[in-house]
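> Chain by chain, the residues:
Number of protein chains: 2
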Amino acid sequence: MSLTISIDAMGGDFGPDVTIPASLDCLKSNPELKLILVGNEAVIKEKLGNHLEAYRDRLTIHHASQCVDMDEPPSKALKNKKDSSMRVAINLVRDGLADACVSAGNTGALMATARFVLKMIPGIDRPAIISTLPSIHGHTHVLDLGANVDCTAQHLFEFAVMGAELVKAVENIESPRVGLLNIGEEEMKGNEQVKAAAKLLEASSLNYIGYVEGNSLNAGDIEVDLIVTDGFVGNVALKSIEGAAKMIGTLLKQAFSKNLLTKAVGLIAYPVLSSFKKRIDPRLYNGASFLGLRGLVIKSHGGADVLAFKTAIRLAEIEVKQDVIRKISQQVEQNLSLGMHS
Amino acid sequence: MSLTISIDAMGGDFGPDVTIPASLDCLKSNPELKLILVGNEAVIKEKLGNHLEAYRDRLTIHHASQCVDMDEPPSKALKNKKDSSMRVAINLVRDGLADACVSAGNTGALMATARFVLKMIPGIDRPAIISTLPSIHGHTHVLDLGANVDCTAQHLFEFAVMGAELVKAVENIESPRVGLLNIGEEEMKGNEQVKAAAKLLEASSLNYIGYVEGNSLNAGDIEVDLIVTDGFVGNVALKSIEGAAKMIGTLLKQAFSKNLLTKAVGLIAYPVLSSFKKRIDPRLYNGASFLGLRGLVIKSHGGADVLAFKTAIRLAEIEVKQDVIRKISQQVEQNLSLGMHS
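The listed protein sequences derive, respectively, from chains F and Z.
Quick note: the first sequence, position 258, residue 258 per the UniProt record's numbering, numbers continuous.
Quick note: the second sequence, position 134, residue 134 per the UniProt record's numbering, numbers continuous.
Among the clues, some could well be false.
You can't tell identical chains apart in this list, so a pair holds if it fits in one copy or across any two.
[Stated by the list, open to error] Cross-link-like lysine to any residue pairs, in silico, SDA-like; alpha carbons within 25 Å at most: (1) Lys79 <-> Asp95; (2) Lys321 <-> Asn40; (3) Lys76 <-> Lys189; (4) Lys119 <-> Thr262; (5) Lys246 <-> Arg177; (6) Lys253 <-> Leu267; (7) Lys34 <-> Arg58; (8) Lys82 <-> Ile61.
Source of the hints: derived by calculation from the structure; they are not laboratory data.
Treat the numbers as computed from the prediction; the structure is a model and nothing was measured.
Hey, can you work out the whole structure from these sequences and the hints?
Written out as structure tokens, the structure reads:
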């Protein structure tokens with residue numbers, strides 16, 4: 001089975017300084033993997049040095065003359081950057097030359113380009129962004145994380161169907177538990193879309209466990225594998241969690257650097273603190289998948305370092321191996337034709 | 001100036017076991033404060049013991065024969081519990097016998113009862129729930145936290161006007177920085193309501209600083225005093241943060257209790273860890289205010305312990321002293337008549 005991934009080598013805050021060392025590490029650790037590095041050939045060659053020769057059977061460079069800026073409006077990127085590393089990396093997926101594409105480039109441009117080049121799976125209205133968060137119970141998959149600000153019940157249902165299939169494949173579990181994000185007050189349980197989505201989910205063959213609240217993303221009482229919400233709420237929740245983690249980390253560091261004594265204690269506690277930090281290291285959760293497209297596109301955090309970018313490439317490897325796009329397309333055909341006409 | 005607060009002594013998961021010790025502590029630390037404990041007289045008297053005599057000039061008991069259950073539907077509480085400790089405590093505010101009411105009872109019932117008994121400030125459509133979160137910069141006020149699932153731009157604007165006035169009074173700052181919660185993707189900056197609310201805020205006399213993202217609740221790059229959002233998003237964000245904090249706390253504890261060595265390190269690090277914990281102790285941020293009503297109602301967390309419930313009473317003391325309701329009513333009259341007709 002083929003396992004070829006195209007890498008937008010120029011994307012992200014650090015471009016080739018991150019994407020190339022990460023790519024080399026992944027080639028080293030998975031002998032099945034083939035990579036196509038897309039971007040400025042001269043720059044990539046220089047960065048690769050003699051590694052290009054070492055991996056010549058599994059590593060190719062595909063030249064692209066342009067780069068999409070991190071703050072470039074998606075419409076401009078789409079119109080003016082037809083030879084960008086991002087666009088060409090996605091073209092390779094469309095043309096069957098790569099099985100997936102990984103980019104740390106700007107989310108809006110990546111989404112717009114992927115949608116334009118790859119097209120949607122028939123039956124799916126809109127693409128959604130899914131990613132993984134650490135939780136007390138292990139981890140939780142969440143979608144949509146920002147692609148769709150206003151969602152109908154049908155959209156939320158589509159997200160659930162696609163997300164459940166992804167979780168099934170990636171986690172190798174038969175029937176992922178699906179929760180619908182809602183608020184806890186009795187009187188006012190949810191808006192109309194959420195209530196209607198709950199009915200669609202109850203009537204479906206999915207393992208729907210009901211409403212979950214925001215705390216379930218990281219630490220709910222009920223274990224849940226997939227949490228479904230609209231892109232506005234999902235994005236705010238994700239960033240709220242990032243903010244909470246950042247604040248806690250900062251205050252913890254401050255507490256240990258208050259004076260000489262606390263610094264000494266910090267040195268003693270260092271191994272414990274770093275084992276703790278590793279468990280929630282966001283770099284180990286890097287990589288969001290765009291669902292609903294006819295090809296695999298993985299978005300890495302723009303500020304990813306080598307470890308984080310490697311995590312995103314590995315996610316792509318797993319999704320290719322698990323044949324996620326084919327499985328999702330099948331599910332959509334089976335489940336959503338029904339959902340849509342109901 | 002009068003400073004009398006009615007306490008729903010029976011409310012919350014622990015009722016008088018928490019509300020009464022907290023009330024006594026507050027009476028002790030503020031000699032101006034007068035409290036009316038509302039609930040089952042016999043139970044309260046027994047709990048008070050000889051403290052009733054000690055504080056007899058500042059502490060009264062007001063008997064109420066019923067309790068609202070923590071899971072009781074608001075409509076039922078409103079209909080069947082006319083002599084509940086919650087209802088009677090709010091009646092005292094309406095009748096001018098108390099300047100504010102504090103309850104740890106069920107949020108939905110408290111909101112419905114407060115709205116029914118106290119009525120809305122003219123010009124305000126819906127009440128909103130505002131509370132405070134710790135942040136890297138100090139702390140942030142946020143509303144709405146769950147009273148309104150669907151909000152128009154006008155509602156969001158009302159929240160901003162009321163919230164800014166509260167922050168001004170409580171924090172003693174002249175022009176609180178107001179941010180509107182939104183998502184960060186360029187292509188899709190916000191839904192229609194948020195975009196329209198931004199226009200209202202830009203045109204207002206408020207110190208509007210623009211869109212902020214979820215991470216600004218705890219740890220944004222930009223300092224902000226008040227973050228405005230609808231009740232669905234606000235509630236999910238708040239609970240997501242609670243979940244993140246719980247997960248981090250749990251994993252930190254796990255890391256230190258792994259084996260004998262890590263436990264020993266934990267003992268050494270204990271003073272540092274507890275000074276850190278204190279900084280984000282949710283008990284020190286307990287107490288949410290219902291804005292838009294013609295009287296002050298503070299909602300304490302249902303699971304509040306004595307320290308947490310004391311924090312909620314102190315918040316009520318500050319809001320009474322700062323004459324928050326009068327100030328908000330004035331602002332509403334000045335700002336919203338304009339906003340509403342535009």
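> For a quick check of understanding: which of the numbered hints are violated here, in increasing order?
Structure breaks hints 2, 4.
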